[in-house]
Amino acid sequence: SGSEMQPPLGWNLNFRSLITPVGIVRFFEIFLSCTAFSLAAASTHFEGASGAWCMFTWCFCFIVSVLIMVVELFGFSEKLPLSWDDFTSAFAMLAALMVFTSSIMYPSASTFLTGTCSDSICAYQAAATAMSCVCFVAYAIEVGLTRSRPGDISSFLATVPGLLKVFEAYVACLIFSLVSDPKPYKIEPGQQWCIAVYSICFIVTLLIIILTIGRCLTYIPFPLEKVLVGYNALAVLLYLTAAIIWPIFNFRGNPRPNPCGRDCSWDRLLGVTFLSFFNLIAYIVDLVYSSKMVFVTRTA
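Counting from 1, one number per residue, gives the positions in the sequence shown under full-length UniProt numbering.
The set of hints was computed from the structure by calculation and includes no laboratory data. Predicted model only: the values in this text are computed from it and were never measured. Any given hint might turn out to be false.
Stated by the list, open to error - Using C-beta positions, here's what the derived DEER-type ranges look like:
| hint | residue 1 | residue 2 | range |
| --- | --- | --- | --- |
| 1 | G214 | P257 | 42 to 52 Å |
| 2 | R252 | F222 | 41 to 51 Å |
| 3 | C173 | G230 | 22 to 32 Å |
| 4 | V288 | C173 | 18 to 28 Å |
| 5 | P81 | F56 | 41 to 51 Å |
| 6 | R256 | A49 | 46 to 56 Å |
| 7 | L13 | R215 | 19 to 29 Å |
| 8 | G253 | F274 | 14 to 24 Å |
Where a beta carbon is used, it is the ideal one built from N, C-alpha and C, also for glycine.
Work the whole structure out from these sequences, hints included.
Dropping the structure here:
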């Protein structure tokens with residue numbers, strides 16, 4: 001019969017996911033990231049690790065954004081063994097941070113600012129930088145659209161403390177990139193302590209993110225919210241010591257050399273100092289918000 005000849009439907013396409021505000025923003029993210037790395041590739045002039053990082057960032061964000069849209073279009077998100085809302089919120093925050101970093105790094109890795117390139121190459125590089133900046137705005141808008149509203153804690157990584165966890169882990173990765181040469185950090189115990197602080201806090205924070213996305217935190221047999229508040233308090237104390245000790249051991253009797261080239265180690269040490277303060281502030285804000293969610297919102 002005719003009903004027997006009709007092929008069964010393998011899936012139901014969710015076209016509504018493409019026309020929601022978040023879906024429309026993701027279209028812009030895909031277009032802008034693709035345009036950025038295409039323009040950068042067309043210029044063929046970017047230097048070293050910084051240029052490679054920018055290209056990786058734009059390609060990575062493009063690929064993952066496309067996969068997210070495909071998964072939501074075909075309705076596969078409900079079948080995946082992970083918290084999809086936590087994953088997309090964490091990725092949007094990570095992508096915003098990565099693209100923001102690339103928007104700053106790419107001009108220094110290219111040649112259009114110095115005017116030493118041809119008009120066509122300079123135009124490609126300037127356009128790639130502009131596309132990257134607008135792409136950052138698109139990912140920041142997605143973070144704002146998907147952020148949990150007050151009282152809604154169904155998706156932890158969409159809350160302010162959850163987004164701060166992603167920020168803290170990313171800043172720690174930047175610190176590790178600046179201290180990638182281990183030779184200067186084997187001399188003073190204070191420097192070793194700071195590296196240990198950065199490593200311990202990064203590992204624990206990354207573990208929290210992974211367990212949240214994997215829906216494993218609900219199986220932990222103790223009051224997790226209070227434990228996270230305690231961890232944030234400990235992280236604040238640890239980063240406070242690092243923010244004090246790192247400048248003392250690295251800049252005491254160590255003025256900035258003249259000249260200090262492009263890859264000057266003194267500038268890298270200064271970058272670690274600023275990033276340490278950024279993460280200290282992030283952990284303080286995280287502690288305040290986490291304490292408010294546990295001790296104020298729950299008792300209200």
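Outcome of the hint check:
Take G214 and P257: their Cβ atoms lie about 47 Å apart, and the range 42 to 52 Å holds. Between R252 and F222 the C-beta distance comes to about 43 Å, which sits within the given range of 41 to 51 Å. In this structure, C173 and G230 meet the distance hint of 22 to 32 Å, their C-beta atoms being roughly 24 Å apart. The hint said 18 to 28 Å for the Cβ distance between V288 and C173, and at roughly 24 Å that hint holds.
Our hint of 41 to 51 Å for P81 and F56 is violated, since their Cβ atoms are close to 27 Å apart. The hint said 46 to 56 Å for the Cβ distance between R256 and A49, and at roughly 22 Å that hint is violated. Taking the beta carbon of each, L13 and R215 are about 26 Å apart, inside 19 to 29 Å as hinted. Between G253 and F274 the C-beta distance comes to about 21 Å, which sits within the given range of 14 to 24 Å.
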